[in-house]
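Put chain B on the given structure of chain A with help from the hints.
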Amino acid sequence: MIGLNLVYGVAGSVFALFAVLALADAPRRIANAAFYALLSVSFFAGDLLGDFGNGLLVIALTAIAASGRFRARPREASPERPRGNALFAAALIIPATALVGTLLFKQVPALVDARQATLVALALGVLLALGIGYAWLRPGLATPFREGRRLMDDVGWAAVLPQMLASLGAVFAIAGVGDVVGGLVGGAIPEGSLLGAVAAYAVGMALFTVVMGNAFAAFPVMAAAVGVPILMRQFGGDPAPVAAIGMLAGFCGTLMTPMAANFNLVPAALLELKDRNGVVKAQVPTALPLLLFNLALLWWVLS
Amino acid sequence: MLVLAGILVIAGGFLLRFNPLLVVLASALVTGLAAGLDPLRIVSVFGKAFNDSRYVSAIYIVLPVIGLLERYGLQARARELIGRFARVTAGRLLIFYLLFRQVTAALGLVSIAGHAVTVRPLVAPMAEAAAEGRGAVDQGERVKALTAATDNVGLFFGEDIFIAIGSILLMVGVLQGYGIAVEPFDLSVWAIPTAVAAFLIHGFRLHLLDRRLPK
Numbered sequence: 018m019i020g021l022n023l024v025y026g027v028a029g030s031v032f033a034l035f036a037v038l039a040l041a042d043a044p045r046r047i048a049n050a051a052f053y054a055l056l057s058v059s060f061f062a063g064d065l066l067g068d069f070g071n072g073l074l075v076i077a078l079t080a081i082a083a084s085g086r087f088r089a090r091p092r093e094a095s096p097e098r099p100r101g102n103a104l105f106a107a108a109l110i111i112p113a114t115a116l117v118g119t120l121l122f123k124q125v126p127a128l129v130d131a132r133q134a135t136l137v138a139l140a141l142g143v144l145l146a147l148g149i150g151y152a153w154l155r156p157g158l159a160t161p162f163r164e165g166r167r168l169m170d171d172v173g174w175a176a177v178l179p180q181m182l183a184s185l186g187a188v189f190a191i192a193g194v195g196d197v198v199g200g201l202v203g204g205a206i207p208e209g210s211l212l213g214a215v216a217a218y219a220v221g222m223a224l225f226t227v228v229m230g231n232a233f234a235a236f237p238v239m240a241a242a243v244g245v246p247i248l249m250r251q252f253g254g255d256p257a258p259v260a261a262i263g264m265l266a267g268f269c270g271t272l273m274t275p276m277a278a279n280f281n282l283v284p285a286a287l288l289e290l291k292d293r294n295g296v297v298k299a300q301v302p303t304a305l306p307l308l309l310f311n312l313a314l315l316w317w318v319l320s
Numbered sequence: 010m011l012v013l014a015g016i017l018v019i020a021g022g023f024l025l026r027f028n029p030l031l032v033v034l035a036s037a038l039v040t041g042l043a044a045g046l047d048p049l050r051i052v053s054v055f056g057k058a059f060n061d062s063r064y065v066s067a068i069y070i071v072l073p074v075i076g077l078l079e080r081y082g083l084q085a086r087a088r089e090l091i092g093r094f095a096r097v098t099a100g101r102l103l104i105f106y107l108l109f110r111q112v113t114a115a116l117g118l119v120s121i122a123g124h125a126v127t128v129r130p131l132v133a134p135m136a137e138a139a140a141e142g143r144g145a146v147d148q149g150e151r152v153k154a155l156t157a158a159t160d161n162v163g164l165f166f167g168e169d170i171f172i173a174i175g176s177i178l179l180m181v182g183v184l185q186g187y188g189i190a191v192e193p194f195d196l197s198v199w200a201i202p203t204a205v206a207a208f209l210i211h212g213f214r215l216h217l218l219d220r221r222l223p224k
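Taken in order, these protein sequences are the chains called A and B.
Here this note's numbering runs 17 ahead of the position in the first sequence, where the first position is 1.
Here this note's numbering runs 9 ahead of the position in the second sequence, where the first position is 1.
Be aware that one or more of the hints could be misleading.
Within a straight-line C-alpha distance of at most 16 Å, the following computed EDC-like cross-link-like pairs (lysine to aspartate or glutamate) qualify [what the hints assert, rightly or not]:
| no. | chain 1 | residue 1 | chain 2 | residue 2 |
| --- | --- | --- | --- | --- |
| 1 | B | Lys57 | A | Asp64 |
| 2 | A | Lys291 | B | Asp61 |
| 3 | B | Lys57 | A | Asp171 |
| 4 | A | Lys291 | B | Glu150 |
| 5 | A | Lys291 | A | Asp130 |
| 6 | A | Lys298 | B | Glu150 |
None of these hints come from the bench; they were simulated from the model.
Bound conformation, chain A alone (with noise of 0.2 Å):
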């Protein structure tokens, strides 16, 4: 069955042949074609690791992205040679084959894995675009690759961090984090008051989903500390709302942090913006209003 088997080879093969451009490149970008083996090696052969094993590769790379050596390449102006507008074409076959994938691979469950249609479905369209772009275009064998190396040392150690936070994830839940931030906001709440359950609902999964890059993390936590037992049970609130409500709180958290690297920080990256944080800034103005929307429609459901 093709499932993320595929996703992974493709994207173990990508990372490799980035790690071979980068000690190829003059001068050689060791410590860059070091971090693009690691995760060539964890999509190849993660599984075949062991846990501890893969403990290890992430100090790895966690060493080789603080010792300041991964480094963006300096721009240079690769030359374009133009081509028409069959170049949008050519640019909407990725989402257009993630589109058709999608909705069509649910329906042969059999030869694919259902729950991962939408990655096969985009490594499929990768590897369509590239076949057409070799066969339409006729640029040299590396140049897709040697292009998209210049696009990922932009990205640089941020593409790792989201996997980074879940796994810390994992350790706070093993650790009890969320139960003791859980009591600490419970306690926190004014006996009796619903104005301030909510508050300490909305406002404490936005806060939390700040720290940790992701409103998944804080769910569970605001959900024991206070919307289960305070605004479901004591308030006798609608479940459904409560849980909805609190998780777009945290999304409204999402927004504000560079934490949330793959939403924030790469596409600063990305866009070659000189504020790394530019797009956390640009998006604190819509956050902070629609996290209020998010308290007072709430507030207004439960009352």
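Chain B alone, transformed into the frame defined by chain A:
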């Protein structure tokens, strides 16, 4: 109480501008030790979760395709295309993109757009060109940042209307643990008011962008 030291490490590490990967790893170690975990166990827990979440980083496989098309002038083409339509302002373009992203995400089509797939190669150059076409030459930074912001706002406040998205399944699972049964459909319905509010608030800011750019 001691386990909260890990949160302090994150906050302090960020303020002191250490490398975020290092800060996260240090926070995991401090938290684990405070909870009395064996250091080897902490490394294993961390490694396992890292391996299990590799799918998050799979998106970078699109970069060779984007890089190739850009080398043959994709960004320049996107700029030219917008230049031909004088009535398309940066704000109007981004409001349209916001709506597109919210509606498609609400249908579960979250991966058909994104920062690497559409923002960098297409939408950002178009928005920049539309702003420049009105004489706003030094606004590139702000317009680009707002383009990325628009993609995020559209995605976050559209996807929760789709019943089979990760966050909905998480909520159902967590509440099930308390013996509370909720239907994914009810959760997705309650995402609609905030989706509308997000469109109005962010859309209004994009409308203001056009006002501030010189005519």
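The hints, checked one at a time:
no. : hint                  : verdict
1   : Lys57(B) / Asp64(A)   : holds, 9 Å
2   : Lys291(A) / Asp61(B)  : violated, 33 Å
3   : Lys57(B) / Asp171(A)  : violated, 27 Å
4   : Lys291(A) / Glu150(B) : holds, 8 Å
5   : Lys291(A) / Asp130(A) : violated, 41 Å
6   : Lys298(A) / Glu150(B) : holds, 12 Å
Checked against the numbered hints above, the structure violates hints 2, 3 and 5; every other hint is satisfied.
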